[in-house]
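Residue numbers (my numbering), protein chains in the order written: chain H, 1 to 319; chain A, 1 to 669.
These are computed hints drawn from the structure, not numbers from a lab. One or more of the hints may lead you astray.
Claimed, not checked - One side of the interface only, derived from the structure: several residues of chain H facing chain A at Cβ under 8 Å: (1) 76; (2) 77; (3) 81; (4) 160; (5) 161; (6) 204; (7) 207; (8) 211; (9) 229.
What the hints assert, rightly or not - Calculated from the model, a selection of chain A residues having no Cβ within reach of chain H, i.e. all distances over 12 Å: (10) 27; (11) 39; (12) 74; (13) 161; (14) 180; (15) 287; (16) 300; (17) 370; (18) 398; (19) 432; (20) 452; (21) 540; (22) 574; (23) 590; (24) 630; (25) 643.
Computed from a predicted structure; not experimentally measured. For glycine and all other residues, C-beta sits at the position ideal for the given N, C-alpha and C.
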Amino acid sequence: MENFNLLFAILFQLAQLLLVVLLAPLLTGWVNQCQAWLQNRSGAGVLQPYRVLRKLFHKDAVLAHNASWLFRVTPYIVFGCMWLAAAIIPIIAVDLPFSQAADVIALVGVFALARVFIALAAMDIGTSFGTLGARREMLVSFLAEPALLMVLFTASMISHSTQLPRIVDTLAHHQFILYPSLAFAGLAFVIVLLAENARIPVDNPSTHLELTMIHEAMILEYSARHLALIEWASSLKLLAYISIGIALFVPYGIVEVGNWAGLPLAVVILLLKLLCAGAGLAVLETVSAKMRIFRAPEFLGTAFLLAVLGLLIHFLLGA
Amino acid sequence: MQAAGILPLDVAGWLVQFWIALGVAGLLLQRSPQLITRFIFPLSALVSLLLAATGLWALAVPANIMVLPLGLPDLPFHLRLDPLSGFFLILLGGASFGVSLYSAGYFKSMAGGTLGLLCLEYHLFLVGMTLVLLADDAYMFMVAWETMALSSYFLVTTDHYIPDIRKAGYLYLLIAHVGAIAILLCFGVMQSGLGIAAYTFDAMRDAPLTPFWSSVAFLLALFGFGAKAGVLPMHVWLPEAHPAAPSPVSALMSGVMLKTAIYGILRVTFDLLPTQLWWWGVLALGLGLITAVFGVMFAAVQGDMKRLLAYSSIENIGLLLVGIGLTIIFHVYGKDTLAALALIATLYHSLNHAMFKSLLFIGTGSILHATGERNMGRLGGLIHRMPWAAALMLVGVLAISGLPPLNGFVSEWLMLQAFLLSPGLPNNYINMLVPVAAAVIALAAALAAYVMVKFYGVIFLGQPREKALEHAHDAGTWECIGMGWLALACAVLGLAPVMVVGQLDQVSQMLLGTHLGNAANDWVFLAPMDTERASYSPLYFLLAVLGVMLMTSVLVRRFYHGRLRRSPPWDCGFPAQTPRMQDSAEGFGQPIRRIFEPFFQIERDVPSPFDTHPRYHGQTEDRLWYILYLPIKHITEKLAALAGLLQHGRIHLYLTYTFVTLIVLLVFV
Chain H
1 MENFNLLFAI LFQLAQLLLV VLLAPLLTGW VNQCQAWLQN RSGAGVLQPY RVLRKLFHKD
61 AVLAHNASWL FRVTPYIVFG CMWLAAAIIP IIAVDLPFSQ AADVIALVGV FALARVFIAL
121 AAMDIGTSFG TLGARREMLV SFLAEPALLM VLFTASMISH STQLPRIVDT LAHHQFILYP
181 SLAFAGLAFV IVLLAENARI PVDNPSTHLE LTMIHEAMIL EYSARHLALI EWASSLKLLA
241 YISIGIALFV PYGIVEVGNW AGLPLAVVIL LLKLLCAGAG LAVLETVSAK MRIFRAPEFL
301 GTAFLLAVLG LLIHFLLGA
Chain A
1 MQAAGILPLD VAGWLVQFWI ALGVAGLLLQ RSPQLITRFI FPLSALVSLL LAATGLWALA
61 VPANIMVLPL GLPDLPFHLR LDPLSGFFLI LLGGASFGVS LYSAGYFKSM AGGTLGLLCL
121 EYHLFLVGMT LVLLADDAYM FMVAWETMAL SSYFLVTTDH YIPDIRKAGY LYLLIAHVGA
181 IAILLCFGVM QSGLGIAAYT FDAMRDAPLT PFWSSVAFLL ALFGFGAKAG VLPMHVWLPE
241 AHPAAPSPVS ALMSGVMLKT AIYGILRVTF DLLPTQLWWW GVLALGLGLI TAVFGVMFAA
301 VQGDMKRLLA YSSIENIGLL LVGIGLTIIF HVYGKDTLAA LALIATLYHS LNHAMFKSLL
361 FIGTGSILHA TGERNMGRLG GLIHRMPWAA ALMLVGVLAI SGLPPLNGFV SEWLMLQAFL
421 LSPGLPNNYI NMLVPVAAAV IALAAALAAY VMVKFYGVIF LGQPREKALE HAHDAGTWEC
481 IGMGWLALAC AVLGLAPVMV VGQLDQVSQM LLGTHLGNAA NDWVFLAPMD TERASYSPLY
541 FLLAVLGVML MTSVLVRRFY HGRLRRSPPW DCGFPAQTPR MQDSAEGFGQ PIRRIFEPFF
601 QIERDVPSPF DTHPRYHGQT EDRLWYILYL PIKHITEKLA ALAGLLQHGR IHLYLTYTFV
661 TLIVLLVFV
């Protein structure tokens with residue numbers, strides 16, 4: 001029976017691995033489509049990201065003369081990190097075997113690893129936009145990363161564990177309690193999600209304007225399959241962040257490993273959650289305006305403070 | 001294990017003697033610099049490796065003690081090798097092995113006379129640090145401490161013909177001695193008036209100290225060792241002395257010497273003092289947090305690569321102090337497992353910092369040799385000219401940024417776990433302090449990544465900022481071997497944390513009487529408390545990422561193609577790209593300078609728009625220098641001037657002074 005359980009767990013893990021990588025572009029497409037509707041455009045359809053990826057994979061890669069090995073290997077590293085990050089967050093079933101290898105702190109580490117590599121790659125060609133993007137990205141992240149860590153710590157404190165499956169299990173399957181600390185954490189998390197995924201008001205994913213771009217400035221020199229992998233990784237990152245949000249704040253409907261009967265329902269619930277999250281993201285982006293780059297630290301500082309407040313409230317109230 | 005009655009301490013003693021012999025041989029061989037670099041430094045590296053092995057051995061056996069027939073009459077030298085010393089011997093041996101191998105290549109082009117002297121000083125420095133770790137009485141400790149300080153002073157001033165370097169050396173010597181006085185006083189307090197009989201550490205362990213005098217001793221130790229480690233506000237010598245010294249020496253100073261100060265704090269606090277008080281922990285924690293944030297903030301705005309690394313060392317010392325503070329707090333409140341966790345995180349981070357900081361410092365040495373430039377604003381694109389150095393330095397950069405799966409992340413992870421598991425302390429204020437401290441640690445770690453992206457990106461990536469960089473050459477074979485060893489150490493310490501923690505448990509057992517163990521009972525998963533609470537497996541993590549990367553790469557080529565062509569950079573179609581359009585070191589640090597502006601003393605020279613030869617100049621300085629050090633200097637000068645009033649250089653005046661003193665004394669007696 002032990003062995004069967006392990007086998008099931010590995011099967012679940014593989015299934016989620018496959019699911020997230022296929023689902024991620026769809027989520028991006030859904031967010032874009034919602035934005036189009038909100039802005040009274042007809043939009044390109046939810047499948048557009050797949051078409052873009054297909055087009056990019058078919059093209060010849062163009063590399064600057066002075067691009068080094070670091071530049072070429074980065075898309076694979078970023079893609080690998082994001083894929084794994086998205087795959088270990090329990091969104092359908094808890095007790096994924098690989099999530100033992102990386103708890104929430106390691107998860108933040110994975111995001112940091114990918115970010116450092118992409119910032120380094122942006123500096124590799126030595127163009128003005130590349131270094132500008134790298135600098136801004138590191139600027140945004142040095143406040144966003146500790147804020148995310150504090151959000152995760154609040155949840156860890158409640159469940160006495162830094163293992164995501166344990167956190168989800170505690171929050172979802174025990175009696176329903178409203179945690180005031182999690183409210184603060186949730187607010188902080190939304191800000192971090194916007195900043196880390198290059199969304200308005202911190203960054204704009206659909207701009208190529210010098211004054212505003214952060215993420216796009218870093219990946220200007222990438223083309224074809226490299227660009228495709230980075231775009232795909234961005235989708236995976238968005239999925240991963242939304243998954244973290246689901247796992248921490250609405251962990252209901254997530255099944256245990258081996259519960260085949262509950263699985264279809266869990267998938268449906270997950271899809272519903274993703275639909276809502278994507279639509280919410282589109283609304284948030286539509287109603288807010290891009291802010292100046294030097295307002296971003298204040299915005300993120302707010303997130304950091306909120307997250308720390310959440311943690312303190314947990315200490316004070318014990319909830 | 002104990003073959004034929006030989007103890008680890010005996011072996012360590014022989015190795016120390018061998019080092020002294022090597023140093024003297026270097027001085028004698030100064031006519032043939034080739035012999036020094038080819039034989040003496042590699043042999044010295046071998047001794048380092050053996051010393052590290054001895055340290056590992058010492059972790060497994062009980063403490064050995066030895067009394068040397070040396071020293072003053074009735075004051076023989078006492079030596080002792082216990083797990084704590086053993087661990088720091090591993091750190092010393094492991095880091096100096098790489099640095100000595102590197103030195104075999106680095107000092108190749110140095111003139112014979114200077115090299116002979118440097119070789120002697122280098123080995124005396126190593127011997128001094130080793131004896132600090134082995135000393136078991138206050139007398140021996142101070143002698144070793146001073147040997148270490150003086151030899152490193154001479155090493156720092158190797159290029160003494162440059163005035164700035166002499167100045168840096170003076171500052172270093174001054175602060176080292178202010179610290180040494182505090183340490184001496186600390187030992188004086190601990191022998192608690194028992195006189196000369198109580199100068200051994202053994203006697204101090206049993207000395208009956210009241211909490212008040214214990215606190216005085218702790219504060220003196222914190223101040224004295226803090227001055228050596230670069231804890232705020234005694235940090236000012238670090239960014240001056242590290243750039244002044246030759247790179248291997250900077251590596252040893254930053255990687256190892258700062259850790260002897262950490263060793264000193266641990267030895268005094270947990271071994272020599274009978275009790276600890278909770279507010280010591282809070283003090284160390286607070287001081288550590290301030291130091292860490294200060295260090296990393298200043299590192300972000302530096303333009304000189306070695307100064308940047310020096311400030312980053314200040315940050316890491318701050319983190320270590322936070323770990324020590326946390327250990328004290330948990331230990332006082334009887335949370336033994338947590339104390340062990342915090343202590344192990346501290347020790348682990350010491351070891352990690354020794355490895356990656358040494359690696360980065362010697363790496364800057366290779367860059368300095370290849371380009372003659374320490375200013376990052378004149379480097380760039382070196383990844384093409386120095387591929388080996390670039391690849392090895394990348395490991396160090398990722399490790400120091402605290403990224404998985406390398407070693408910096410493991411100690412950060414352990415430290416954060418200690419914070420996370422801390423609630424339930426009886427003191428409410430400390431309970432509130434803990435999450436805030438965790439937040440500050442997280443902030444410092446994230447800023448460290450910013451600093452390191454700047455460091456690596458500006459030096460190695462992009463286009464070369466100067467024409468001369470076209471002729472830069474890669475690091476030599478010995479240099480690469482030295483860096484390779486340290487990079488390997490970073491990787492192994494990162495990938496096999498379970499084994500390292502298993503060894504560190506011995507130290508924790510000795511100092512705190514508890515050990516941590518590994519709940520997962522598995523060599524792959526690190527789970528310090530309980531597998532349900534937290535676990536981390538860098539090996540699986542690495543395998544998974546590599547597997548996914550390989551699979552992606554193969555699949556992309558299989559289903560599509562691997563075609564590639566080269567062209568000029570795109571850059572939004574902007575044609576005239578010059579290297580000067582990249583961020584300089586100052587440019588990359590500008591956001592940090594702007595956000596944390598109140599903390600810096602900034603001098604700016606912004607030219608007017610109509611200036612035909614505009615020159616922009618900006619300098620960021622340390623406010624503490626102006627707030628704290630200059631006033632002290634002025635007061636000292638005033639006092640000296642007052643004392644000078646007594647001195648006229650005329651003999652009859654001095655005779656009068658003597659006469660008056662005699663009369664006054666006669667009146668009193």
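Hint-by-hint comparison with the structure:
1. Annotation: interface hint on residue 76(H) holds; nearest CB of chain A at approximately 4 Å, less than 8 Å.
2. Hint status for residue 77(H) relative to chain A: holds, with the closest Cβ pair at about 6 Å, below 8 Å.
3. The criterion of a C-beta within 8 Å of any C-beta in chain A is met by residue 81(H), whose closest approach is roughly 6 Å, and the hint holds.
4. Proximity of residue 160(H) to chain A holds as hinted, the smallest CB-CB distance being about 6 Å (cut-off 8 Å).
5. Hint on residue 161(H) holds. Least Cβ distance to chain A is approximately 5 Å, under the 8 Å limit.
6. Checking residue 204(H) against chain A by beta carbon gives a least distance of about 15 Å; that is not within 8 Å, so the hint is violated.
7. Restraint check, residue 207(H) versus chain A: the minimum CB separation of about 12 Å is more than 8 Å; hint violated.
8. Given the 8 Å rule on beta carbons, the hint for residue 211(H) is violated: about 12 Å separates it from the nearest Cβ of chain A.
9. Below 8 Å, beta-carbon pairs count as interface contacts, and residue 229(H) has one with chain A at about 7 Å; its hint therefore holds.
10. The Cβ of residue 27(A) sits about 44 Å from the closest Cβ of chain H, beyond the 12 Å cut-off, so the non-interface label holds.
11. Listed as outside the interface, residue 39(A) is consistent with that label: its C-beta sits roughly 36 Å from the nearest C-beta of chain H, beyond the 12 Å cut-off.
12. Residue 74(A), annotated as away from the interface, keeps every beta carbon of chain H farther than 12 Å; the closest lies near 55 Å.
13. The claim that residue 161(A) is not at the interface with chain H holds, since no C-beta of that chain comes within 12 Å of its own (minimum 36 Å).
14. The non-interface label for residue 180(A) is consistent with chain H: the shortest C-beta to C-beta separation is roughly 37 Å, beyond 12 Å.
15. Taking the minimum C-beta to C-beta distance to chain H, about 20 Å, the non-interface status of residue 287(A) holds against the 12 Å cut.
16. With a least beta-carbon separation of about 9 Å from chain H, residue 300(A) fails to lie farther than 12 Å from that chain, contradicting its non-interface assignment.
17. The non-interface label for residue 370(A) is consistent with chain H: the shortest C-beta to C-beta separation is roughly 17 Å, beyond 12 Å.
18. Residue 398(A), annotated as away from the interface, has a beta carbon of chain H within 12 Å; the closest lies near 7 Å.
19. Residue 432(A), annotated as away from the interface, has a beta carbon of chain H within 12 Å; the closest lies near 6 Å.
20. Taking the minimum C-beta to C-beta distance to chain H, about 8 Å, the non-interface status of residue 452(A) is violated against the 12 Å cut.
21. Not every CB of chain H is more than 12 Å from the CB of residue 540(A) (nearest about 4 Å), against its label as outside the interface.
22. Residue placement check: residue 574(A) does not keep its beta carbon more than 12 Å from all beta carbons of chain H (closest about 8 Å).
23. For residue 590(A), the shortest C-beta to C-beta distance to chain H comes to about 8 Å, within the 12 Å cut-off, and the non-interface label is violated.
24. Residue 630(A), annotated as away from the interface, keeps every beta carbon of chain H farther than 12 Å; the closest lies near 32 Å.
25. A cut-off of 12 Å between C-beta atoms confirms that residue 643(A) is not in contact with chain H; the least separation is 50 Å.
The structure does not agree with the numbered hints 6, 7, 8, 16, 18, 19, 20, 21, 22, 23 stated previously, though it agrees with the rest.
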